[in-house]
Amino acid sequence: MGKCYFFIAMVGVAILGCEQKNNLKVTYPVTETVDVVDEYFGVKVSDPYRWLEDDLSEKTAQWVKAQNEVTQEFLNRIPFRDKIFQRLEELWNYEKVSAPFTEGDYTYFYKNDGLQNQSVLYRTDKSGNTEVFLDPNTFSPDGTTSLAGISFTDDGKLAVYQISEGGSDWRKVIVINTETKEIIEDTLRDVKFSGLSWYKNEGFFYSSYDKPKEGSQLSAKTDQHKLYYHKLGTPQSTDVPVFGADIKRRYVGGYVTEDNSLLVITAANTTTGNELYYKDLRNPKSPLVAIVNNFDNSHSPVHFENDTLYILTNLNAPNRRLVKVSIKNPTPDNWVDVIPESDMPLNVSTGAGYIFASYLKDATSLIEQYDLKGNKIRSIDLPALGTASGFSAKWEDTLIYYTFTNYVYPPTIYRLNPKTGASELYRKPDVKFNPEDYESKQIFYTSKDGTRIPMIITHKKGLKLNSKNPTILYGYGGFNISLTPSFSVTNLVWMEMGGVYAVPNLRGGGEYGKKWHDAGRQFNKQNVFDDFIAAAEWLIENKYTSPDFLAISGGSNGGLLVGATMTQRPELFKVALPAVGVLDMLRYHKFTAGAGWAYDYGTADDSKEMFEYLKGYSPYHNLRKGMNYPATLITTADHDDRVVPAHSFKFAAMLQAVNDGPNPTLIRIETNAGHGAGKPTRMVLQEATDRLAFTLYCMGKKEI
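If you count the sequence shown from 1, position 539 lands on 539 in the working numbering, and the numbers rise without skipping.
Note that these hints are calculated values from the structure, not bench results. Treat the hints with care, since some could be wrong.
Lysine-lysine pairs mimicking DSS-like chemistry, simulated, CA-CA at most 30 Å apart [to be verified]:
hint, residue 1, residue 2
1, K590, K615
2, K361, K441
3, K514, K441
4, K441, K460
5, K701, K625
6, K44, K608
7, K279, K157
8, K432, K701
9, K543, K83
10, K181, K96
11, K25, K625
12, K376, K514
13, K248, K514
14, K373, K361
15, K44, K615
16, K464, K702
17, K515, K376
18, K96, K192
19, K285, K394
20, K432, K468
21, K515, K608
22, K373, K279
23, K701, K441
24, K590, K248
25, K200, K157
26, K460, K96
Using C-beta positions, here's what the derived DEER-type ranges look like [to be verified]:
hint, residue 1, residue 2, range
27, R682, F41, 43 to 51 Å
28, N524, K83, 38 to 46 Å
29, E73, N93, 28 to 36 Å
30, S127, A384, 32 to 40 Å
31, S326, K248, 29 to 37 Å
As the structure is a computational prediction, the values presented were derived from the model and not from experiment. Ideal placement from N, C-alpha and C gives every residue a C-beta, glycine not left out.
With the hints as extra help, turn the sequences into a complete structure.
Have a look at this one:
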């Protein structure tokens with residue numbers, strides 16, 4: 001690939017004006033262009049905003065500051081912005097409590113009083129006395145340092161937890177004595193994409209990459225993941241890789257089975273398909289044994305007992321099946337079905353001596369209970385159609401806690417007696433709204449190629465189908481991820497104001513198993529955009545909304561979805577809300593662990609055909625002069641080391657330069673925040689406010 005560089009100053013400023021109901025005129029900062037040309041298979045592709053990829057540059061920092069000033073000036077014009085924030089804050093201010101879990105002599109749970117930036121980890125002793133165990137709100141003055149996972153020893157006397165600073169995927173790891181709450185040794189640093197799994201009370205396994213020696217630690221490529229063992233009382237510098245030093249893999253994870261017998265290792269180069277290994281910890285000299293030595297399918301061990309490993313796999317089962325195998329002969333030709341594949345995608349969890357099979361039926365939960373022999377005990381009755389999660393505990397526990405939610409049902413915790421199958425309400429949140437005022441229904445529509453796609457539409461009861469309802473169409477469509485019904489205060493406020501919230505289950509997701517995923521990846525990726533466009537057309541045809549009142553929204557891979565559909569069908573939407581999006585499809589694999597997404601996307605280096613396909617829909621490369629694009633609010637964060645903010649920076653600069661229509665193009669860049677996990681409540685509420693206010697204002701609303 002050849003490159004040539006020289007700088008060209010962009011002359012003048014971009015000014016947008018219009019005669020609409022609201023003042024949408026924007027004066028943008030001058031964004032310099034550079035003459036950077038890459039060559040792919042003999043085709044030259046310019047990248048005039050390449051310099052914005054340098055997140056260490058002072059010039060990039062100045063650009064971020066200037067863009068944020070323009071965005072805030074525009075948002076400050078919106079007369080009802082404060083009113084939206086106040087209602088969001090009011091509804092958000094309810095106590096949120098997690099399901100409890102037992103460690104040693106204590107029962108632990110997370111609780112947020114309502115508006116705390118981070119949830120607090122509490123514990124209750126056997127006498128019923130409750131105290132704060134860890135309060136992440138004390139980790140940093142502004143609440144941007146979060147608790148990102150914790151693991152306890154079998155006796156509960158020690159714990160190891162991760163913290164994330166500013167939303168980064170790079171973590172610090174801290175070991176604590178649970179009785180005294182004292183940190184007992186030096187903090188481990190530079191841990192990334194890692195679980196924490198104890199071996200007895202002696203030490204724990206964790207995963208990480210070598211920290212980049214050159215360039216930005218937030219954007220430099222990381223592609224050799226290693227599994228380490230940290231023995232207590234020794235410095236991190238002496239930790240030796242258990243896996244990944246000699247065998248290069250992009251994603252490596254390891255966990256110790258509940259009985260401390262096996263170390264199970266998964267290794268992968270992309271987000272789909274993995275190798276599987278184990279080491280018998282009962283014999284220190286035992287070798288590493290390969291169970292699966294290829295990446296053709298995905299395999300997740302879920303339980304180990306009597307030298308038998310139980311594995312959830314999609315080998316010869318696109319919807320997945322649960323198998324068992326003796327570790328003495330563990331290769332796939334010896335696998336025996338415990339729960340065979342069905343016509344619904346399967347996930348599995350374990351606890352209290354049972355297996356819980358979680359099926360997806362048209363993107364809603366169906367739960368069944370099994371024993372280890374694969375005998376069905378019962379189906380678990382759920383309160384309504386929606387999403388049930390949890391159903392996991394220690395094997396020796398006697399109770400199971402699970403959470404149920406849907407678009408109008410706040411997350412509610414139930415306690416299940418697995419011996420009788422009886423569920424009882426454990427904790428219901430006190431949200432200040434009446435779910436009876438809303439309705440949520442699933443419809444099916446037909447995509448461009450005739451494929452039947454489900455979509456759930458939620459709104460206030462009594463909605464008039466007059467084509468004038470402000471509507472947010474939200475989607476994802478990738479990485480085998482399923483969008484199932486969930487409650488959101490932000491969406492509730494939207495619907496209170498008369499809005500419609502619609503979520504289609506696009507191809508590329510996991511709602512109908514591997515075939516559904518495969519139908520929306522690599523050379524099939526256009527199917528995802530077609531499904532999203534067809535959802536918009538269905539809503540318009542059925543008079544829920546019209547192009548003047550339709551917004552599209554999505555984050556990460558969903559940000560790509562929004563970017564691609566707004567460039568392909570700009571006339572169909574009034575507002576576009578791409579969040580932390582993958583927007584430069586020719587270079588996404590050059591940053592952090594982005595190359596691991598190649599199973600879903602392919603890369604521009606794979607072949608001429610793949611390059612041409614990616615370039616054909618890459619949002620950054622398909623913005624064209626003379627178009628009237630939707631009003632666009634791009635959101636990203638300066639510490640996003642998952643989808644680096646350069647995607648959003650370059651897309652915003654290009655869109656501001658080429659858009660000839662009256663709609664504003666703004667970028668909102670959060671500082672000291674990342675891809676989304678661990679973001680403090682204050683930031684969540686502010687961003688949600690700005691997205692809703694921007695959407696309604698650009699649809700012509702003067703008041704709410």
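A quick look at each hint next to the structure:
Distance restraint check for K590 and K615: the Cα-Cα separation of roughly 16 Å lies within the 30 Å cut-off, and the hinted pair is therefore satisfied. Proposed proximity of K361 and K441 is supported: the alpha carbons are some 15 Å apart, at most 30 Å. Straight-line distance between C-alpha atoms of K514 and K441 comes to about 26 Å, which keeps the hinted pair within the 30 Å bound. Of the pairs offered as hints, the one joining K441 and K460 holds, with about 12 Å between alpha carbons and a cut-off of 30 Å not exceeded.
Between K701 and K625 the alpha-carbon distance is near 28 Å, which keeps this suggested pair within the 30 Å criterion. With a CA separation close to 12 Å, the supplied pair K44 and K608 stays within the 30 Å bound. Note on K279 and K157: the hinted pairing holds, with a Cα-Cα distance of about 26 Å set against a maximum of 30 Å. Note on K432 and K701: the hinted pairing holds, with a Cα-Cα distance of about 25 Å set against a maximum of 30 Å.
A distance of roughly 28 Å separates the Cα atoms of K543 and K83; the hinted pair therefore holds under the 30 Å criterion. For the hint linking K181 to K96, the alpha-carbon distance of about 24 Å falls within 30 Å, and the restraint holds. Taking the CA atoms of K25 and K625, the gap is about 19 Å. The hint holds against a cut of 30 Å. Between the alpha carbons of K376 and K514 the distance comes to roughly 24 Å, so the proposed pair stays at or under 30 Å and holds.
With a CA separation close to 26 Å, the supplied pair K248 and K514 stays within the 30 Å bound. At roughly 24 Å between alpha-carbon atoms, K373 and K361 fall within 30 Å of each other, so this suggested pair holds. For a cut-off of 30 Å, the pair hint linking K44 to K615 stands: about 12 Å separates their Cα positions. Between K464 and K702 the CA atoms are separated by roughly 21 Å; this keeps the pair inside 30 Å, and the hint holds.
The suggested pairing of K515 with K376 holds, with an alpha-carbon distance near 26 Å, which does not exceed 30 Å. Restraint check for K96 and K192: satisfied, since their Cα atoms lie roughly 28 Å apart, inside the 30 Å limit. A threshold of 30 Å between alpha carbons decides the hint, and for K285 with K394 the separation of about 29 Å falls inside it, so the pair holds. Between K432 and K468, the direct Cα distance comes to roughly 27 Å. Compliance with the 30 Å bound is thereby established for this hinted pair.
Simply put, K515 and K608 have alpha-carbon atoms about 26 Å apart, close enough for the 30 Å limit, and the pair holds. Between the alpha carbons of K373 and K279 the distance comes to roughly 25 Å, so the proposed pair stays at or under 30 Å and holds. Proximity of K701 to K441 is assessed by CA-CA distance (about 27 Å); at most 30 Å being required, the pair is judged to hold. At roughly 17 Å between alpha-carbon atoms, K590 and K248 fall within 30 Å of each other, so this suggested pair holds.
Among the hinted pairs, K200 with K157 is consistent with the structure: their alpha-carbon atoms are about 11 Å apart, no more than 30 Å. Proximity of K460 to K96 is assessed by CA-CA distance (about 24 Å); at most 30 Å being required, the pair is judged to hold. Remark: the range hint 43 to 51 Å for R682 to F41 is upheld by a beta-carbon distance near 48 Å. Between N524 and K83 the Cβ separation comes to about 44 Å, which falls inside the hinted range of 38 to 46 Å.
About 29 Å separates the C-beta atoms of E73 and N93, a value consistent with the hinted range of 28 to 36 Å. Distance hint for S127 and A384: a CB-CB separation of about 38 Å, consistent with the stated range 32 to 40 Å. For the pair S326 and K248, the supplied restraint of 29 to 37 Å holds, since their beta-carbon distance comes to about 30 Å.
When held up to the earlier numbered hints, the structure conflicts with none and fits them all.
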